[in-house]
Amino acid sequence: MKLFSIAALTTAVLLGSSVSALALERGGVMTYGRYTDSLFLDPVLNDANVDIWILTNIYDTLISPSKDGLGLEPNLATEWALNAAGDEVTLKLREGVKFSDGTPMTAEDVVWSLTRAANPDNGIWNSLDASIDTVTAADAGTIVIKLKYPDPTILSALSVFNTAIMPKAAFEATPGATDKEKAEAFAQKPIGTGPFMLESWERGASMKLVKNPNYWAMGEDGQPLPYLDGVTFEIIPDDATRILKLQSGDIQGAEFIPFARVAELKADEKLNMELFPSTKVNDIIINVRPMIGDRENPLSDEKVRQAMNYAVNKDAIIQVVTFGVGMPMTSFMASTTPMHSGNGPLYPYDVEKAKALMAESKYPDGFSTSILTLAGNQDELGTATALQQMWGAIGVKLEIKQVDNASRTEQYRAGTFDMRAGAWTNDISDASQITSYFAYSPTIDALHSGWKSDEVDGLFVASQKEMDATKRAEQFARIQEIFNASGPTIPLYETPYPVALSKSVNGFYQIPLGNNVFREAWMAK
1 MKLFSIAALT
11 TAVLLGSSVS
21 ALALERGGVM
31 TYGRYTDSLF
41 LDPVLNDANV
51 DIWILTNIYD
61 TLISPSKDGL
71 GLEPNLATEW
81 ALNAAGDEVT
91 LKLREGVKFS
101 DGTPMTAEDV
111 VWSLTRAANP
121 DNGIWNSLDA
131 SIDTVTAADA
141 GTIVIKLKYP
151 DPTILSALSV
161 FNTAIMPKAA
171 FEATPGATDK
181 EKAEAFAQKP
191 IGTGPFMLES
201 WERGASMKLV
211 KNPNYWAMGE
221 DGQPLPYLDG
231 VTFEIIPDDA
241 TRILKLQSGD
251 IQGAEFIPFA
261 RVAELKADEK
271 LNMELFPSTK
281 VNDIIINVRP
291 MIGDRENPLS
301 DEKVRQAMNY
311 AVNKDAIIQV
321 VTFGVGMPMT
331 SFMASTTPMH
341 SGNGPLYPYD
351 VEKAKALMAE
361 SKYPDGFSTS
371 ILTLAGNQDE
381 LGTATALQQM
391 WGAIGVKLEI
401 KQVDNASRTE
411 QYRAGTFDMR
421 AGAWTNDISD
431 ASQITSYFAY
441 SPTIDALHSG
451 WKSDEVDGLF
461 VASQKEMDAT
471 KRAEQFARIQ
481 EIFNASGPTI
491 PLYETPYPVA
501 LSKSVNGFYQ
511 IPLGNNVFRE
521 AWMAK
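For the sequence shown, this note's numbering assigns the number 1 to the initial residue and increments by one for each residue that follows.
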């Protein structure tokens with residue numbers, strides 16, 4: 001699926017920048033409405049988009065993903081080279097970079113940050129950097145990364161948030177006996193080299209970022225970025241309220257606009273309704289453990305899950321929930337993901353087949369279960385309501401539980417949920433990250449679901465060392481075949497990112513990998 005031309009998007013962004021240079025204005029604070037708050041502003045130990053999409057405004061990586069999400073661009077490293085054997089990377093550091101507290105970024109900071117990111121005891125994203133053996137500084141401006149084995153994804157991995165460069169001395173001086181304790185304290189007032197820095201954070205209400213006076217990148221007017229004095233994130237869980245505040249001018253941007261409102265906001269002369277190209281997939285995540293607490297879990301039966309998939313009219317949900325904007329999924333990963341495999345929609349609607357599978361399962365008479373949706377999210381509620389009706393046809397009674405994000409996350413990570421609405425966006429232009437999160441059980445028990453396939457686990461490990469692109473594609477094709485047939489999800493649809501902005505906002509964009517980029521944003525007064 002390619003909902004929009006990435007080339008056209010990139011051209012539009014570049015043209016917009018060129019035109020805006022004639023009239024861009026500095027200063028002002030942009031207020032952006034978010035559906036939920038961040039949780040933990042540490043690049044290495046986080047695991048949620050609510051953190052990831054904000055981190056890139058506070059921290060920088062050595063390499064950046066391009067605006068179309070498919071390529072790589074210089075960032076804190078101005079150039080790099082991978083040797084012929086594929087097991088050593090040499091990078092040249094940008095000169096004169098400072099952290100937001102004014103201290104110079106050194107090669108020692110880079111060595112420490114990458115070593116921390118690759119530590120298998122730190123966080124869940126270290127699998128992206130598992131090939132790293134040693135990181136050393138050849139001199140003050142040169143970093144050498146020696147790999148344990150050839151790694152086809154190492155350069156892309158160096159553009160991912162968990163390899164952000166942090167100040168070694170400041171982090172190590174933070175109170176705490178362990179890395180996690182230090183990270184929790186450091187993240188209260190993080191120090192990075194990004195365009196903004198955290199000024200204040202009222203949990204669940206607002207987060208205020210202000211301009212980093214030491215930022216290294218220059219704007220089109222020859223002065224340091226960012227153009228804005230700051231960005232305030234206001235937490236507004238209810239979609240309708242978020243839109244009202246945007247229309248009234250109280251905020252200048254709003255994320256996750258319900259697709260039901262897209263046409264209306266496109267017609268609003270005060271707003272720009274953007275549908276940014278994405279790698280986003282929307283699904284239902286299923287807990288497949290045989291027992292949840294002290295009760296038997298019918299969702300552990302593979303035939304039940306297949307029946308529930310066939311009972312879902314995904315085309316109808318796409319029309320009702322996304323108003324035709326979405327596209328059916330052909331694998332658990334987006335069709336825009338490299339090494340995606342799959343030609344037709346997964347589990348085409350077939351109620352009779354669903355009923356037959358239920359009859360063959362351990363629960364021929366049906367059962368009751370529940371789903372966690374985000375309170376105030378119209379799209380999730382609309383999807384769950386449709387599923388409630390569709391699954392009723394095969395004897396599955398669904399209770400919809402609307403909860404806040406923190407409560408849902410707690411139940412999800414604890415494995416005490418039945419099902420939850422889910423969404424995923426790639427952070428790397430490769431199939432490895434989503435596979436590590438969805439299917440490779442050692443990472444987080446396959447979406448915290450308890451699903452496990454020894455064959456998938458073995459294939460994934462092999463894929464991380466395979467330099468032959470054809471063989472690697474075959475490995476990922478087999479992983480997808482296994483997961484799509486027996487995995488812990490109800491794949492629904494792929495969608496773009498719906499973001500509404502005041503007409504006064506220029507230069508903001510969201511890349512297909514999800515990052516919200518404010519460093520080039522400015523507001524006309």
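Hint data in this document are derived by calculation from the structure and do not stem from the laboratory. Be aware that one or more of the hints could be misleading.
[Claimed, not checked] Below, simulated SDA-like cross-link-like pairs (lysine to any residue); rule was C-alpha separation at most 20 angstroms, straight line:
#, residue 1, residue 2
1, Lys503, Gly28
2, Lys525, Leu24
3, Lys180, Lys503
[Claimed, not checked] Derived Cβ-Cβ restraints for the label pairs, each shown as a range:
#, residue 1, residue 2, range
4, Pro348, Ala469, 43 to 51 angstroms
5, Ser368, Gly204, 44 to 52 angstroms
6, Pro150, Gly222, 17 to 25 angstroms
No residue lacks a Cβ here, since even glycine has one placed at the ideal position from N, Cα and C.
To see whether the hints hold, each was checked on the structure:
1. Lys503 - Gly28: Given that 20 angstroms is the threshold and the Cα spacing comes to 15 angstroms, the pair holds.
2. Lys525 - Leu24: At roughly 10 angstroms apart (the allowed maximum being 20 angstroms), Leu24 and Lys525 satisfy the hint.
3. Lys180 - Lys503: violated, 42 angstroms
4. Pro348 - Ala469: 43 to 51 angstroms: For Ala469 against Pro348, whose Cβ atoms are near 31 angstroms apart, the range 43 to 51 angstroms is violated.
5. Ser368 - Gly204: 44 to 52 angstroms: Given a distance of about 32 angstroms, which is not inside 44 to 52 angstroms, the answer is violated.
6. Pro150 - Gly222: 17 to 25 angstroms: Violated - the Cβ-Cβ distance for Pro150 and Gly222, about 42 angstroms, lies outside 17 to 25 angstroms.
Going through the hint list in order, the structure does not satisfy hints 3, 4, 5 and 6.
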